[in-house]
Structure formats: structure tokens, C-alpha cells
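Novice: Build the full structure now, drawing on both the sequences and the hints.
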Amino acid sequence: QKEVEQNSGPLSVPEGAIASLNCTYSDRGSQSFFWYRQYSGKSPELIMFIYSNGDKEDGRFTAQLNKASQYVSLLIRDSQPSDSATYLCAVNMLYSSASKIIFGSGTRLSIRP
Amino acid sequence: DTEVTQTPKHLVMGMTNKKSLKCEQHMGHRAMYWYKQKAKKPPELMFVYSYEKLSINESVPSRFSPECPNSSLLNLHLHALQPEDSALYLCASSQTAGSHNEQFFGPGTRLTVL
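Line by line, the protein sequences are chains A and B.
Anchor point for the first sequence: position 63 equals 63 in our numbering, and the numbering is continuous, going up by one each time.
Anchor point for the second sequence: position 64 equals 177 in our numbering, and the numbering is continuous, going up by one each time.
Be aware that one or more of the hints could be misleading.
As the list claims (entries may be wrong) - With the Cβ distance kept under 10 Å, some of the chain A side facing chain B (calculated, not the full set):
#1 Gln31
#2 Ser43
#3 Asn92
#4 Ile101
#5 Phe103
#6 Gly104
Keep in mind that the hints were calculated from the coordinates and are not lab data.
Note that CB positions come from ideal geometry on N, CA and C, so glycine has one too.
Specialist: Following this line, the structure appears as C-alpha cells:
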């Protein structure tokens, strides 16, 4: 089982609709969770992070965390063509004196006009 | 200033060359990271530095040699690389290397090994 799993997509969503991206993780001890957006040829850009169970909202983005189900999701409201990118789910795991982020394989999102 | 800078943006090198990648941040972060990313794959962690000391080495071949001269700078020295080492090399930093710390990425260096 992969440590962080995402549906690779592509996920196609009409402009103005809600895009829903999902991620599951295997390590129950994981403490923090991140969503990065990556445009083709560019580096990952942090768009959301969440530590506690429940929802966290920032503008058009909502991150949802359910530690009991080992599940984290990202909702994008009022999707825009500029949201078309690969979304990477990342989970922070603590190893001895330092932690490291494990990335999922990413979900390609396409917003169609 | 929330920027991580990397130089050069692009690098082409032969298998016998020695080159270095540089990364700099001025956010006061005490943890810095090197990642390697191949096309259509997620970033893979290579090294973690915490308070200028190497904390994690993900069994990276010795032809990659990291160096952290001070809290703002991170280098990756390259020697005798193979064509399969061609990739996007990403530097990141975070406040500390503990959990609950967001990592911010630089723009990356696109490396081609001939």
C-alpha cells in the first residue's frame, strides 16, 4: 500500500462548479497535511494545510481532514480555468529528529470553460 | 519575504563534470530540503537539514553531496552524474523540521545530464 494515495485523474470539472480532490494516507501517526498546486514546468505551491479534524476554509479553497478514516480532501469552489493544474496531497511524517513530507502521485485537474 | 531562490534555473552537464546547485532563503527558516522530481511524478525527498546539520539522507547516491554553509544557504554538489539523474531539483525550507511546518519551494533547477 502506498503511503499517500490520490486518484491520478484527469478530473474534468466545468467552470464555476466545485472540484473535489481526495487523498488517503496509511500512517495513523501523521500530524499535518498539505495541498500543493503544481503547474506544468513549475515548482509546487502551497495552497492549504490542515492539522485538526474538520474543515479549514481559505477563500475558494476548503480542506477537510478525517483522521479516523485517514482521509483528507480539497474542495475548490467556483472553479476557474486558472485552477487547471496538478494537485499534490502531502503528509508530514515524523522520523527521529526531523519530519519529512511524503507526496501522493497527484491529481490532474482540468477546468473546462 | 517568503521566497526561496535557486540558481541556476537550467543546467546541462556531462557525466564527467562537477557542478553545484545553490538555494537561498531569508525567512529565518532553520530547516532546508532537497527534492528530485522526474516528469509526471511527485517530488522525492533527498536530504533534510535541520539547524545546519544533516538530519535525513534518503539513501541518495554519493555522486550527490549536500552542504549547508549557514542557515540561509543550501548547496547540492554534483559529480559523475548519470543521464537518469536528469530531473527538476527542488529546494524547500520550513521554520523547523518538526511536524506542523509548511514547506515552501523554490522554482527549481532543471538539470540535464548528457
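Novice: Starting from the hint list further up, note which numbers the structure goes against and sort them upward.
Specialist: none
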